[in-house]
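Undergrad: Using the sequences and the hints given, assemble the complete structure.
Those protein sequences? They're chains A and B, same order as listed.
Taken in order, the first sequence gives residues 0 to 357; the numbers are from numbering that gives the first Met the number 0.
Taken in order, the second sequence gives residues 0 to 433; the numbers are from numbering that gives the first Met the number 0.
Since the hints were made in silico from the structure, they are not lab data.
Just so you know, not all the hints are guaranteed correct.
[What the hints assert, rightly or not] Interface residues of chain B toward chain A, partial, derived using beta-carbon atoms under 7 Å: (1) Asp26; (2) Thr36; (3) Ala115; (4) Asp360; (5) Ala364.
All residues carry an ideal CB built from backbone N, CA and C; glycine is no exception.
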Amino acid sequence: MFYREAGDFKTSYPDDSQTFPIRFDRLGYYAVLLLGFVVLPFVLNDYWTNAVFIPFLIYAIAALGLNILVGYCGQLSLGTGGFMAVGAYACYKLTTAFPDINIVFHILGAGIITAGVGLLFGLPSLRIKGFYLAVATLAAQFFLVWLFNRVPWFYNYSASGQISMPERTVFGIAVTGAQVAPWAGYMVCLVFVVVLAWMARNLTRGATGRKWMAIRDMDIAAEIIGVNPLRAKLTAFAVSSFYVGIAGALFFSVYLGAVEVGEAFGIEKSFAVLFMIIIGGLGSIFGSFAGAAFMVVLPVLIKLVLVDSWGWPTDLAAHIRLMIVGALIIIFLIAEPHGMAQLWRVTKDKLRLWPFPH
Amino acid sequence: MKLKLATLALATGLMGGVLTAAPAMADLVFPSLSYRTGPYAANGIPFADGYADYMTLLNERDGGIGGEKVKLLECETGYNTEKGVECYESTKGSGALVYQPLSTGITYQLIPKASADGIPMLTSGYGRTSAADGKVFKWIFNFPANYWDGASIMVKYLLSQNNDSLKGKKIALVYHNSAYGKEPIRTLQELEKMYGFKLSLIPVDHPGQEQKSQWLQIRRDKPDYVLMWGWGVMNPVAIQEAANIRFPMDHFIGIWWSGSENDVKPVGAKADGYKALNFNGVGDDFPVYGDLKKYVYDAGKAAGAGDQKGTVLYNRGLYAAFLVTQAAKLAQQDTGKPQITPADMRDALEKLDISDKVMADAGMAGFGATFKVSCANHGGPGEAKVNQWDAKAGKWKVVTDWITSDKKVIDPLIEEDAAAYAKENNITPRADCN
Numbered sequence: 000m001f002y003r004e005a006g007d008f009k010t011s012y013p014d015d016s017q018t019f020p021i022r023f024d025r026l027g028y029y030a031v032l033l034l035g036f037v038v039l040p041f042v043l044n045d046y047w048t049n050a051v052f053i054p055f056l057i058y059a060i061a062a063l064g065l066n067i068l069v070g071y072c073g074q075l076s077l078g079t080g081g082f083m084a085v086g087a088y089a090c091y092k093l094t095t096a097f098p099d100i101n102i103v104f105h106i107l108g109a110g111i112i113t114a115g116v117g118l119l120f121g122l123p124s125l126r127i128k129g130f131y132l133a134v135a136t137l138a139a140q141f142f143l144v145w146l147f148n149r150v151p152w153f154y155n156y157s158a159s160g161q162i163s164m165p166e167r168t169v170f171g172i173a174v175t176g177a178q179v180a181p182w183a184g185y186m187v188c189l190v191f192v193v194v195l196a197w198m199a200r201n202l203t204r205g206a207t208g209r210k211w212m213a214i215r216d217m218d219i220a221a222e223i224i225g226v227n228p229l230r231a232k233l234t235a236f237a238v239s240s241f242y243v244g245i246a247g248a249l250f251f252s253v254y255l256g257a258v259e260v261g262e263a264f265g266i267e268k269s270f271a272v273l274f275m276i277i278i279g280g281l282g283s284i285f286g287s288f289a290g291a292a293f294m295v296v297l298p299v300l301i302k303l304v305l306v307d308s309w310g311w312p313t314d315l316a317a318h319i320r321l322m323i324v325g326a327l328i329i330i331f332l333i334a335e336p337h338g339m340a341q342l343w344r345v346t347k348d349k350l351r352l353w354p355f356p357h
Numbered sequence: 000m001k002l003k004l005a006t007l008a009l010a011t012g013l014m015g016g017v018l019t020a021a022p023a024m025a026d027l028v029f030p031s032l033s034y035r036t037g038p039y040a041a042n043g044i045p046f047a048d049g050y051a052d053y054m055t056l057l058n059e060r061d062g063g064i065g066g067e068k069v070k071l072l073e074c075e076t077g078y079n080t081e082k083g084v085e086c087y088e089s090t091k092g093s094g095a096l097v098y099q100p101l102s103t104g105i106t107y108q109l110i111p112k113a114s115a116d117g118i119p120m121l122t123s124g125y126g127r128t129s130a131a132d133g134k135v136f137k138w139i140f141n142f143p144a145n146y147w148d149g150a151s152i153m154v155k156y157l158l159s160q161n162n163d164s165l166k167g168k169k170i171a172l173v174y175h176n177s178a179y180g181k182e183p184i185r186t187l188q189e190l191e192k193m194y195g196f197k198l199s200l201i202p203v204d205h206p207g208q209e210q211k212s213q214w215l216q217i218r219r220d221k222p223d224y225v226l227m228w229g230w231g232v233m234n235p236v237a238i239q240e241a242a243n244i245r246f247p248m249d250h251f252i253g254i255w256w257s258g259s260e261n262d263v264k265p266v267g268a269k270a271d272g273y274k275a276l277n278f279n280g281v282g283d284d285f286p287v288y289g290d291l292k293k294y295v296y297d298a299g300k301a302a303g304a305g306d307q308k309g310t311v312l313y314n315r316g317l318y319a320a321f322l323v324t325q326a327a328k329l330a331q332q333d334t335g336k337p338q339i340t341p342a343d344m345r346d347a348l349e350k351l352d353i354s355d356k357v358m359a360d361a362g363m364a365g366f367g368a369t370f371k372v373s374c375a376n377h378g379g380p381g382e383a384k385v386n387q388w389d390a391k392a393g394k395w396k397v398v399t400d401w402i403t404s405d406k407k408v409i410d411p412l413i414e415e416d417a418a419a420y421a422k423e424n425n426i427t428p429r430a431d432c433n
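TA: This is the structure:
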């Protein structure tokens with residue numbers, strides 16, 4: 000009834016090809032932005048920011064990045080944790096070497112450095128495909144973690160091998176370190192998420208994204224119609240690593256404040272982000288967000304209900320939580336193999352006809 | 000649409016339930032960031048049980064501390080820093096008095112957060128060693144001993160075994176490749192220069208279930224002694240591998256986190272003679288156990304499965320609870336109020352005086368070293384005993400008296416590291432203490 004194209008007349012090409020052609024969607028999008036930028040910063044407390052929203056936003060960036068590589072370009076990668084580590088350590092080295100430069104530029108710089116590293120590890124993708132590429136990126140994962148553990152220069156020769164984030168400010172307001180107001184860290188992450196998601200959306204529906212998708216669907220056919228596989232694959236690796244690097248830098252600087260590479264950026268992280276995009280939906284911007292929300296918010300919610308509300312023993316709740324999340328993943332994949340994004344698409348199609356389906 | 004409304008209603012309902020479930024502010028709240036799941040659970044469970052049982056004992060026997068009931072807030076971290084942060088954030092608003100996360104990684108996360116929020120943290124025998132410098136780390140305590148003490152005590156013990164000379168000896172350090180395992184390296188390198196032994200470093204990556212290559216290297220190098228900084232599943236695997244290569248067990252010494260029953264029992268008779276440091280009492284031959292039996296075990300109020308009593312890590316949990324509840328008592332005396340704040344708690348921790356009498360009064364005579372905390376020294380005396388595993392009896396034997404670490408070596412290192420931390424984080428060392 001409300002959710003429909005009818006009556007919403009497009010009179011120009013940009014109007015016609017916009018991201019949200021349906022007014023209801025568009026309004027919803029603006030409402031979410033308004034909620035995120037204007038309402039949430041005032042209502043969030045420490046707990047909801049640090050335990051739910053900041054990790055959600057950061058994982059959303061990482062999932063966006065991996066989705067570009069796996070979902071759009073079809074190059075399977077298990078190196079996400081390692082690339083996040085590159086982002087984190089690059090951010091740490093940059094900010095300790097140049098403390099006077101704004102942290103935002105360091106985070107961007109960390110993204111660019113990670114893009115370079117990703118490019119390097121993307122080179123084998125020109126020769127190998129599928130599972131074999133997954134193994135090559137797995138090597139990147141282990142090599143990078145080993146490197147940051149092994150070479151003291153990366154952690155400034157600290158006794159424990161940990162890197163910890165000093166206080167940094169944006170417009171005079173602390174965004175890293177201990178004295179951060181909940182809204183400040185949240186806002187930094189939110190701005191990065193919105194800009195990067197907007198960029199990802201426009202990259203993937205433009206020529207670059209179409210080349211990636213052509214490579215994904217059939218690389219030989221793509222080559223025949225004039226897509227350069229070298230450029231398409233390497234740009235996908237670079238852009239994807241840029242996103243993942245920024246996620247790693249934020250993860251270290253804004254979220255945790257101190258990390259240990261083996262624990263924070265281990266192979267589990269690579270799998271977690273991969274699960275996010277599989278559950279959320281491969282090749283979908285919305286899917287990246289949905290998957291990140293599923294993997295970050297659900298465990299916290301289960302814990303809140305089981306332990307804090309029902310008073311169950313913590314170990315029982317931790318085990319049950321694993322089982323619930325695991326079962327939900329399986330159910331999801333059986334019920335909707337294309338992820339939550341597909342579920343959302345189906346819902347939208349149904350909504351168009353609601354309440355009078357034929 | 001219906002579905003979405005239903006989820007929305009469910010979500011609001013859940014949130015409502017969560018908000019109303021916040022604990023009453025009237026109790027003395029002690030959060031316990033425990034881990035009863037994951038690869039470190041074998042060591043996390045006894046500690047958490049001991050901590051919880053001591054708090055239960057106080058509630059049942061004494062009606063709490065100074066008339067105020069103790070409320071234990073347990074939160075599962077799985078030894079994972081992200082979950083640790085989540086636990087900290089979810090418990091700090093409920094009046095938490097002191098944090099003891101039992102994880103060096105989580106400690107590193109929480110040092111700046113807890114300092115900013117004004118909640119003290121006690122990391123007995125783990126965490127950041129330089130937190131012993133109270134001038135820089137106002138809110139953090141790590142008495143009675145830290146890793147650098149541990150390294151020094153081990154070397155001192157080895158000196159006593161070798162007629163005060165380690166010249167030309169080969170010592171290997173098998174360590175958990177994390178902040179925890181890397182802590183002692185700096186001190187050991189310093190001691191290497193002093194005593195002329197040769198140190199080799201052998202890292203084991205998390206979680207440490209696979210150590211064949213490390214022990215192959217040890218078999219090839221034939222070190223005279225192996226020291227270990229291990230935790231969780233890494234411990235029994237290392238001891239098993241040492242047994243497999245027939246490394247002499249009495250030349251294999253673990254830190255206090257590598258010396259629990261759960262670490263040696265899986266290896267069976269071959270673990271006989273393995274040594275480890277320890278800074279708390281072993282066994283259940285203390286008067287406090289009579290009370291625990293009467294008020295906790297027999298009343299069916301024991302935490303967990305109730306099968307951990309008397310083990311090394313259970314006792315360490317008791318000891319950790321004993322230290323902070325003593326501080327809470329002291330804070331109540333000083334402020335004259337039964338309800339204390341985290342700031343009162345911090346002041347009391349800084350004045351804590353654990354004498355023989357205090358321990359005897361708690362039914363724990365000789366349970367730990369005697370010490371006084373001061374404004375400048377948050378690290379305590381740095382004393383530990385060497386325990387040796389007797390596989391036949393299935394018991395840890397205490398084979399030495401208290402060994403004190405070499406403060407001449409450690410103090411300058413602590414000062415240097417604390418100064419570096421202060422500089423990095425723009426902290427002005429407190430001028431009000433010497």
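Undergrad: None of the hints should be skipped; say for each whether it holds.
TA: Now the hints, each set against the structure:
1. Asp26: Result: violated, 15 Å to nearest chain A Cβ.
2. Thr36: 4 Å, holds
3. Ala115: 4 Å, holds
4. Asp360: 32 Å, violated
5. Ala364: 33 Å, violated
Taken one by one, the earlier hints fail for this structure at numbers 1, 4 and 5, listed in ascending order.
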